[in-house]
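Visitor: Take a look at the letters that make up each chain.
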Amino acid sequence: MKMIRAIIRPEKEDDVVLALEGAGFPAMTKAHVFGRGKQKGLQVGPVHYDLLPKVLLLLVVNDEDVHRVMSMITDNSKTGFIGDGKIFVSEVEEAYTIRTGEGL
Amino acid sequence: MKEVMAIIRQAKVKETLAALVDIGVTSVTVHSLNGRGRQGGNIMESVDPDMKTDVECVSKIYKFPTPSSMAGDSKLTKPVLWVPKSLLNLVVSEVPVEKVLETLSAVNRTGRCGDGKVFVLPMTDAVRIRTGETGDEAII
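Chains as they are written, first to last, in the working numbering: chain A, 1 to 104; chain B, 1001 to 1140.
Chain A with its partners taken away, still in its complex shape (with noise of 0.2 Å):
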C-alpha cells in the first residue's frame, strides 16, 4: 500500500477529486496548506509572496493502483505554468479501518 501526498493548485481541487471520485477513489484527505518551491514563490512587481496556497490531497491506495492514480492528479491539475506542484510516494506498512478495526 502506498500513501499520495499531492500539493495542487487550489482552483484545480474540484477537477482533481471529481475525476478520482470518478474512477473508484472517493476517499481522500485534504489541508489547506501555503508552500514555495525552487522559485521561491512569487514576485509580482514589488511585491514579493513567499508562500503560495495550496492544496494537500492525501490518500492511500494499492501498490498497482499508484500510476493511475498519480496520472489522473497530473492530468487534472497540469497547466504547464510553474506552480502545478508536486506528488509524493510513500509506503504504508498498516492501515485499519476504526470502525472495524480490519486492515485495508
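In case anyone wonders, no lab produced these hints; they're calculated from the structure. No incorrect hints appear here.
List of simulated lysine-lysine pairs, DSS-like, C-alpha gap at most 25 Å:
{"id": "1", "chain 1": "A", "residue 1": "Lys2", "chain 2": "B", "residue 2": "Lys1099"}
{"id": "2", "chain 1": "A", "residue 1": "Lys40", "chain 2": "A", "residue 2": "Lys12"}
{"id": "3", "chain 1": "B", "residue 1": "Lys1002", "chain 2": "A", "residue 2": "Lys2"}
{"id": "4", "chain 1": "A", "residue 1": "Lys2", "chain 2": "B", "residue 2": "Lys1117"}
{"id": "5", "chain 1": "A", "residue 1": "Lys86", "chain 2": "A", "residue 2": "Lys2"}
{"id": "6", "chain 1": "A", "residue 1": "Lys12", "chain 2": "A", "residue 2": "Lys86"}
{"id": "7", "chain 1": "A", "residue 1": "Lys78", "chain 2": "A", "residue 2": "Lys38"}
{"id": "8", "chain 1": "A", "residue 1": "Lys12", "chain 2": "A", "residue 2": "Lys78"}
{"id": "9", "chain 1": "A", "residue 1": "Lys86", "chain 2": "B", "residue 2": "Lys1117"}
{"id": "10", "chain 1": "B", "residue 1": "Lys1002", "chain 2": "B", "residue 2": "Lys1014"}
{"id": "11", "chain 1": "A", "residue 1": "Lys78", "chain 2": "A", "residue 2": "Lys40"}
{"id": "12", "chain 1": "B", "residue 1": "Lys1002", "chain 2": "B", "residue 2": "Lys1099"}
Take the given structure of chain A and dock chain B to it, following the hints.
Guide: Below, chain B without anything else, positioned relative to chain A:
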C-alpha cells in the same frame, strides 16, 4: 521507529490525547483538515434525505456550504463534500505500535461511518533540533 497517522473525528481529539498520555505517548502533532471516505463525504443524507451521492445539480449545497461549494463554481456537475477531521501524527519507538493502535481504536470506535483510518508508515530517522540527537534518542 514508526510513524502513525490517525485520521479521527474532531470531537474525539481531547479524549484520544488523554488516552495516549496514559500509555506513554506524549508527543503528537494535530492537524485540522477535511476528509472523506468511501461515502464520498456524504453526511448530508442524514440531514436532508433528498440529498443523494449522485445529485446532478449544485443548488442544494448552498444550504450546507463547504469550502468547495463556497467557491460557487457552477460548472461542477455534482457537489464535492468534505467532513472536518483531525489528523494525529505521532512517531513512536519505545511504545509498541500495537498498543498505540489498540488505544486509538478503543477511544475512537463508535461503530458508525466516519470513525477514521490509521496508517502506519516506516520512519527512517529523527532529529531533536535543540540538542542535535538523532534516531531513537530524539523522540524518547
